[in-house]
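S.K.: Modelling step: build the complete structure from the supplied sequences, incorporating the hints.
There are 2 protein chains.
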Amino acid sequence: MSLHSGQENLSKQDVIAKLQTAGITPTQQRVTIGRLLFARPQHLSAEQVLGMVNQVGEARVSKATVYNTLNLFARRGLVREVIVDPTKVFYDSNTTVHHHLFNIDDGTLSDIKPGEVTVVGSPTLPEGTVVAGIDVVLRVHSKQASA
Amino acid sequence: MSLHSGQENLSKQDVIAKLQTAGITPTQQRVTIGRLLFARPQHLSAEQVLGMVNQVGEARVSKATVYNTLNLFARRGLVREVIVDPTKVFYDSNTTVHHHLFNIDDGTLSDIKPGEVTVVGSPTLPEGTVVAGIDVVLRVHSKQASA
DNA sequence: ATTGGTGCAAAGGATTTGCAGTCTA
DNA sequence: TAGACTGCAAATCCTTTGCACCAAT
Chain A
1 MSLHSGQENL SKQDVIAKLQ TAGITPTQQR VTIGRLLFAR PQHLSAEQVL GMVNQVGEAR
61 VSKATVYNTL NLFARRGLVR EVIVDPTKVF YDSNTTVHHH LFNIDDGTLS DIKPGEVTVV
121 GSPTLPEGTV VAGIDVVLRV HSKQASA
Chain B
1001 MSLHSGQENL SKQDVIAKLQ TAGITPTQQR VTIGRLLFAR PQHLSAEQVL GMVNQVGEAR
1061 VSKATVYNTL NLFARRGLVR EVIVDPTKVF YDSNTTVHHH LFNIDDGTLS DIKPGEVTVV
1121 GSPTLPEGTV VAGIDVVLRV HSKQASA
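So the protein lines, in turn, are chains A and B.
First residue of the first sequence: 1, per our numbering; consecutive thereafter.
First residue of the second sequence: 1001, per our numbering; consecutive thereafter.
Incorrect hints may appear among the rest.
[Stated by the list, open to error] When the alpha-carbon atoms are kept at most 27 Å apart in a straight line, the in silico BS3-like pairs for lysine-lysine are as follows:
id : chain 1 : residue 1 : chain 2 : residue 2
1  : B       : 1063      : B       : 1088
2  : B       : 1012      : A       : 88
3  : B       : 1088      : B       : 1113
4  : A       : 18        : A       : 113
5  : A       : 88        : A       : 113
6  : A       : 113       : A       : 143
7  : A       : 88        : B       : 1088
8  : B       : 1143      : A       : 63
9  : B       : 1143      : B       : 1088
[Claimed, not checked] If you only want the chain A side, here are some residues facing chain B, beta carbon under 8 Å, derived:
id : residue
10 : 86
11 : 89
12 : 117
13 : 142
Since the hints were made in silico from the structure, they are not lab data.
The beta-carbon is built from N, C-alpha and C at its ideal position, and this holds for glycine as well.
M.R.: Okay, structure coming up:
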């Protein structure tokens, strides 16, 4: 990878390498989406990705390809789907174990700092199942006069 | 409430009382839905509620009314919305604090027994927000040969 | 040439909404 | 009767799908 593989920006090469490592053919569209997504930890909806990608203008990417790509990245573990808003899925470029804070009022999703919240206990699983992941979501309201 | 307010069945009177306590006008449709929903702890989708209601046949209930009613019940705290499946919302008639187990493969939602899992810690909240609730979702796969 | 990937538009499914008719208080 | 509620269908919104075209081996 390049010399500046920090969190500010990723070179095409970095993204191509990352995709190949994950067994994904690095097409132009996927690299474009990857550069945006992997630049830093963030939570984006498909719609937001579509908007950002076509603003950067590196390559025209269709809605279908955005969805296909995000699903592919999720299956391959490059992003994590976050299901907290009944109206849309968020894709989280931070794949390390961490939990979320969702503002019900404005639809904002943010991270809970690592270590601030921990899940204790090992529940009995239904027969024939294995754990795929644990999600903790703290739902918050914007403080204001309300019913 | 009636003498048999256990978990097997609820009389219309019980449900009417419950709705009124929550400040909800007990219409025929709402009572019908409530009897089904509050009969025992369960997780139902709007579609399932619609199906069950019109099978019982106490009163014809339209799809729109099922949605309106479930949203109303949720706002008034009679049921809890569970957001775990990106394709639909589950309504949980158990409003006590508890967490869930979601089978990604078959879309099944079940409860984690009380006490088996606990959340520890109090994260810093964004300014101007208050906690509305905490959800813990353990996602599981059906055990089988897979990629 | 073959296989995989993309774009476009149409299809799909869950949920909401508008409005006229109906019921509750 | 007045206001709230319901039903029906149309409208929305997010996401998936079908198919023809383009790209890479």
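S.K.: Sort out which numbered hints this structure fails and list those numbers smallest first.
M.R.: Hints 2 and 8 contradicted; others consistent.
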